[in-house]
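Chains as they are written, first to last, in the numbering used here: chain V, 1 to 99; chain W, 1001 to 1688; chain X, 2001 to 2537.
Think of the hints as simulated: they come from the structure by calculation, not from any bench.
Glycine is no exception: its CB is placed at the ideal position from the N, C-alpha and C atoms.
One or more of the hints may lead you astray.
Claimed, not checked - The calculated EDC-like cross-link candidates involving lysine to aspartate or glutamate, where the alpha carbons are at most 20 angstroms apart (straight line), are:
#, chain 1, residue 1, chain 2, residue 2
1, W, LYS1096, X, ASP2502
2, W, LYS1032, X, ASP2463
3, X, LYS2452, W, ASP1137
4, X, LYS2452, W, ASP1192
5, X, LYS2506, W, ASP1192
6, X, LYS2168, W, ASP1616
7, W, LYS1027, X, ASP2463
8, X, LYS2491, W, ASP1083
9, W, LYS1187, X, ASP2454
10, W, LYS1187, X, GLU2376
11, X, LYS2507, X, ASP2422
12, W, LYS1031, X, ASP2463
13, W, LYS1187, X, GLU2456
14, X, LYS2375, W, ASP1192
15, X, LYS2507, W, ASP1083
16, W, LYS1661, V, GLU93
As the list claims (entries may be wrong) - Which residues of chain W face chain V? A partial, calculated answer using Cβ under 7 angstroms:
#, residue
17, THR1664
18, GLY1665
19, VAL1666
20, ILE1667
21, HIS1668
22, LEU1672
23, ALA1673
For reference, the chains in residue letters:
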Amino acid sequence: MSLYNFLYLSSIIFTLGVIGVLIRRNILIVLMSLELMLNAVNLNLIVFSRLWGNVVGQVFTIFVVTVAAAEAAVGLAIVVAIYRHKDTVNIDEVNILKW
Amino acid sequence: MAEYLWLIPTLPFIGFLINGLGGLIYKKVSKKTLNRYFVSIVACGLVFISLLLSTVAFVQLANMPNEHKYIEQKCFNWVTAGDVTTTGYYDKVPSKTTQFKIEWNYFFDPLSAVMALVVCGVGFLIHVFAIGYMWDDTGFYRFFSYLNLFMFAMLTLVLGNNFIMMFLGWEGVGFCSYALIGYYFHKKSASDAGKKAFIVNRVGDYGFSVGVFLLFMTFGTFNFKELGEIIGKLPAETHFGILSAVGLLLFIGATGKSAQIPLYVWLPDAMEGPTPVSALIHAATMVTAGVYMITRASFLYTRSYLSLEIVGFFGVMTALYAAIMGFFQRDIKKVLAYSTISQLGYMFTALGVAAFSAGIMHLMTHAFFKALLFLGAGSIIVAMHHEQDMQNMGNLRKYMPITFWTMMAAYLAICGIPPFSGFFSKDEILWQAFARGHKLFYVIGLIAAIFTAFYMTRLMILTFFGKERIDPHKKEHLKESPAVMTIPLIILGILATIGGFLGLPAWLGENRFEKWLEPVFEHNYNNPVFKMGHYTHSFEMMMAGVSVLAALLGFFVAYYLYGKKGIVPDDEKNWGRLWKVIYNKFYMDELYDALFVNRAKDLGNAFSAFDQAVIDGGVNGTAATTRGTAKVSSWFDKYVVDGLVNLQAWIVQTSSGILRKIQTGVIHNYALAVLLGIVILSCLYIFR
Amino acid sequence: MEILGVPILNAVTYFPLIGFLIILLIPKKKETLIKIVANVTAFIGFLISLPLIINWYKPEVIKGMKDGMRYVIDVPWIRTIGARYQFGIDGISLLLVLLTTLLGFIAILSSWSAIKTRVKEYYIYMLLLQTGMLGVFMATDLFLFYVFWEVMLVPMYFLIGVWGGPRKLYAAIKFFLYTLAGSVLMLLAILALYFKYISIFGWDHRTFSLFKFLHAGLDPQFQFWAFLAFFVGFAIKVPMFPFHTWLPDAHVEAPTAGSVILAGVLLKMGTYGFVRFSLPLFPDAMIKFTPLLMTLCVIGIIYGALVAMMQTDMKKLVAYSSVSHLGMTMLGVFALTQIGLQGGVVQMINHGISTGALFLIVGIVYERRHTRLIKEYGGLSHSMPVYATIFLIMTLSSIGLPGLNGFIGEFMILQGTFARTDLRVYAILAASGVILGAAYMLWLYQRVMFGKLDKEENKKMKDLNLREVFTFVPLIIMAVWIGIYPSFWLKYLKNPVKRITDIYQKKLAENKINVGHKYKVDYKGMKKIINNKMSEE
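With the rest of the complex left out, here is chain V:
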């Protein structure tokens, strides 16, 4: 098991996440893709922690997971609010920030 395998995996997950964020229209899926990106980063952190023999990376990962959970909660709340208001979860129809 080389270090690079982990890095490849994480970059693939990250890319999947980025692509998901950029091309999917359903907000829920976008949020899930965001989670993917975060977890890709988490994987990297744990790998390097192991590599250097330093627990800071693992601690950091736990922080990120916690924050992600909170973020998911807030994000989902916003999604529910948007759905109630606009009757849609299609992200292209929620362009109220437009000039």
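Place chains W and X on chain V using the hints.
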């Protein structure tokens, strides 16, 4: 000693309050007018008590030695104010600083006594007469409250011990006269007449008040006694000086109140009032206030030849002029009104020749016979159901014997037939004018006496003699007036007959009236200018005969024209243009209207327009100018100052219009931009 | 002197504000309650002003006198500029304060049925106005005076502008701007005085106190300009000819109570200002201006009377009669003699009483018929006898019948002016205003009250009710009281007036204007003539 003195004027005032205020409240509360018997008893009773008190004071005064005939009662200080520095009288009376003080005090001296007795006595009789005259009137209580207020004001005028108290009464009687002339206020002519009387009197009062100002600023007091003592020591002015100025100014007041030329115009119109009012106010009492005032200020007038001369001149001219205007009047009251003016003219003639006691004597006898004439006229008017035109009367003596005989006494008195009262007083005036060297006054007075006899005879013939020209409807109810009206007539008839014996001429005995008044004129006797010429008694008697002859001449002319020939009606056909001019009172009212009334109104209108156009126009113009300037500056502000600001905003706005297109609102675009940014930054970092 | 621990002048001035606060808390709908609170406040306000006169001669009050002022309150207020909270009254202020509390109560009582819209706001403004006016008559610090002067302007503006007649906005704005223009000039003059004082005594002695200024020894040049500025401010308020045109408009449009207060009290602020500030502060300028001022007064008297005569609107007529009467008042004040000044102050009170009452009288028929045109009336004596009586009494008081208040004032003014030999001609001219006064008032009375009752609407008119009669009773009592026994009131004026005239006695003598100068007439020549005549005898 004389603590009751204040009650003489105050009692009628209480009557005014009871009847006036009480009547108003009673009417408001119970919706009924005050009981007539109650009103009559209060009004007449209180005046009668005043009459009794005046008599008591008179008796007290009569028992005093001549040099101390003076009762004073101090009530309170009416006005107490700051200090004034008087100018003093040339180098005779020094300037001094004194407190400005007006006292509310009453006094009683022989002159006040005569006036108070005449006012209360005649006033009481007229009050009684008015009960009958006004019985059916709805405003009974109102009428009597005003009459009582008048008595208060008149008695204050007579008993007040200084010029301001006199002025209080002076204006007070003016107001009562206004209220009573306009008593039938639903008639426009009545309220017009009342207003005219008040305003014309105000013109006189203007002169009066300026005179009083000048008097006070010169001598520092308003008090008659003090003024008498100061001025009594001064020599007479031969040139126009302060005393002459004061005298003439006060005389302006007298012409207003006593209806002399040129301010007589209100009196004929004043006949719009109920007849008892005409008798009381416009014949017997109020109009004589001017005579009283000048007599009261005799110490001043005897020290100014000029003002005396003018008083006498206006007096005698009024006597003649008013007598002429009385010639052809058809309204019985109008004739009597002009006769009153004429008789007042005689009184002023007497004052003008410094025969003060003769003037007051005539004032008294005139009060008797003229009140009687007016009351008789009132009795006729009631019987004739308010018909006042003599053209529609005639042969009334058959129906109203008491009225006829009493009026006959008054008629003989006014014509000056001995031994009726008017003879003694009028003859005394003419004689004094002659004896004191005013021959012109004497001649004019004599002519006026002829005229007086003429118009009075005409009046008597038209009403009591000749053919009956009465409206048949009115004739049915024609009867003598009730006792409440005839008894005052009889009493006045007696007074008019014998009143003259109080002051007999020198050729018949001692003039007790003159003697009685002597203390009042104590300051005048040291004045050498007013010495009488020396004439024998027989000459004086002859002159009296001339007066009687003059009266008879007037009588015969009138008898010839009206009794024998029976020229009725008086109109332009029979008399020509002369009639028209005299009947229209020489167009004096029209002249005054044209000269003063309408000019004042024009001035008012002009000022009104001026106020609107110029002064208010100026204000509004300022406002308009401000608004105009504001408009210009607001334009500048909007397009120039604000324009620059807006220009900047516009630049920013247009440029941002392009840039803001980037903001699509689609999250993907933003995310892509972020990603691209990261990629670029990474590339830069890596391939640096 | 204190009431419940509050200095009495504060209590009198600020008491209306208590009612003001209570009314604020009452819901708008409860109109009757609001009216009751306002009336009670105004009445108590009148009652607590009575101790001022009752205690006037008490030893502790006399002991507390400072600069001739009684009940003095003097505390620092705005230290930076040296303004002090300085209250105090002398006899002149006393009469005006009593007039204000009395008329304030009467005005509020008279509005009971006249005001139907925005009742709450109306009474709030009335009470606020009351405080403002009282403050003006008590302040002896010029800064404080100016504050109160402006405070009273605002409620009056709203009273005219909200509850007024058809042209109310025009009238309200005209009133406000006109008065403000004057008071701004006055403010300038106050500041000029302030800096002048500083330039003499230094910054540490900065003050707005009237009594400090009195002893500053202002030079005539400065007095001239300061007097002019004060003159414009006060003359507009009085109003003197030719600054009077806001008055008819404001009076005609204002609600009845507003007119009463306007005529009764607000105009007095101008006359009071002259007496309290201009006269003692600028004696040199005053003497210099006297002929001009006298001319303006005389023009005002005659002009106002003639214009009044030709008015067709009752309120306008009374308004112009105010111009005439105030001309008379100012004539007495500017004569600078004791009697003239006393008469002037008395005439201020008289005008408040009789013109206030006349406005109430007009208001009563206006409330019933909604017109003020004289020709719409006629013969009202038949249907309204009580009204006719009260109207007559007030007419007579207004034209100065002896025995009523107007006479005392006019007589003293004219006598006081006549006392100055150089001003006699003005007195003689002014006296003719008395004739014209009788003419226009009696004509008005005739046209409204006399004649036939021919209009249907007028036949149905109700006579006064008890409340309305009650509004007039105090005024009639005062009219008779001042007419019969003015000495009671004049004694309060004696010292303050003397303090002012004493300044002038010396100044007039310096200017060679003799109050009591002797005529130069050839008396010897006259004597000769008399002697000749005597020897002829």
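Here's how the hints hold up against the structure:
Taken as a hint, the LYS1096 of chain W and ASP2502 of chain X pair is honoured in the structure, with Cα atoms around 17 angstroms apart against an allowance of 20 angstroms. Between the alpha carbons of LYS1032 of chain W and ASP2463 of chain X the distance comes to roughly 15 angstroms, so the proposed pair stays at or under 20 angstroms and holds. Annotation: proposed proximity of LYS2452 of chain X to ASP1137 of chain W holds, straight-line Cα distance about 17 angstroms (limit 20 angstroms). Distance restraint check for LYS2452 of chain X and ASP1192 of chain W: the Cα-Cα separation of roughly 13 angstroms lies within the 20 angstroms cut-off, and the hinted pair is therefore satisfied.
Distance restraint check for LYS2506 of chain X and ASP1192 of chain W: the Cα-Cα separation of roughly 52 angstroms exceeds the 20 angstroms cut-off, and the hinted pair is therefore not satisfied. Distance restraint check for LYS2168 of chain X and ASP1616 of chain W: the Cα-Cα separation of roughly 17 angstroms lies within the 20 angstroms cut-off, and the hinted pair is therefore satisfied. A hinted pair counts as satisfied when its Cα atoms are at most 20 angstroms apart, and LYS1027 of chain W with ASP2463 of chain X qualifies at roughly 12 angstroms. As the CA atoms of LYS2491 of chain X and ASP1083 of chain W are separated by approximately 13 angstroms, the hinted pair is consistent with the 20 angstroms bound.
Proposed proximity of LYS1187 of chain W and ASP2454 of chain X is supported: the alpha carbons are some 12 angstroms apart, at most 20 angstroms. At roughly 18 angstroms between alpha-carbon atoms, LYS1187 of chain W and GLU2376 of chain X fall within 20 angstroms of each other, so this suggested pair holds. Distance hint between LYS2507 of chain X and ASP2422 of chain X is fulfilled; the C-alpha atoms sit about 15 angstroms from each other, no more than 20 angstroms. Restraint check for LYS1031 of chain W and ASP2463 of chain X: satisfied, since their Cα atoms lie roughly 12 angstroms apart, inside the 20 angstroms limit.
Of the pairs offered as hints, the one joining LYS1187 of chain W and GLU2456 of chain X holds, with about 19 angstroms between alpha carbons and a cut-off of 20 angstroms not exceeded. The hinted pair formed by LYS2375 of chain X and ASP1192 of chain W meets the criterion: a straight-line CA distance of about 16 angstroms does not exceed 20 angstroms. About 17 angstroms separates the Cα atoms of LYS2507 of chain X and ASP1083 of chain W, which keeps this hinted pair within 20 angstroms; it holds. The straight-line distance between the Cα atoms of LYS1661 of chain W and GLU93 of chain V is roughly 17 angstroms, inside the 20 angstroms bound, and the hint therefore holds.
Because the smallest distance between the Cβ of THR1664 of chain W and any Cβ of chain V comes to about 6 angstroms, under 7 angstroms, the interface hint for this residue holds. With a cut of 7 angstroms, the hint placing GLY1665 of chain W at the interface with chain V holds, because the nearest CB-to-CB distance is about 3 angstroms. Taken as an interface hint, VAL1666 of chain W checks out: its beta carbon lies about 5 angstroms from the nearest beta carbon of chain V, inside 7 angstroms. The closest approach between the C-beta of ILE1667 of chain W and any C-beta of chain V is roughly 5 angstroms, which is under the 7 angstroms cut-off, so the hint is satisfied.
The interface hint given for HIS1668 of chain W is met, as the beta carbon of that residue sits about 6 angstroms from the closest beta carbon of chain V, less than 7 angstroms. With a least beta-carbon distance of about 6 angstroms to chain V, the hint placing LEU1672 of chain W at the interface is held under the 7 angstroms criterion. The interface hint given for ALA1673 of chain W is broken, as the beta carbon of that residue sits about 11 angstroms from the closest beta carbon of chain V, more than 7 angstroms.
In the structure shown, a violation is registered for the earlier hints numbered 5, 23, in ascending order.
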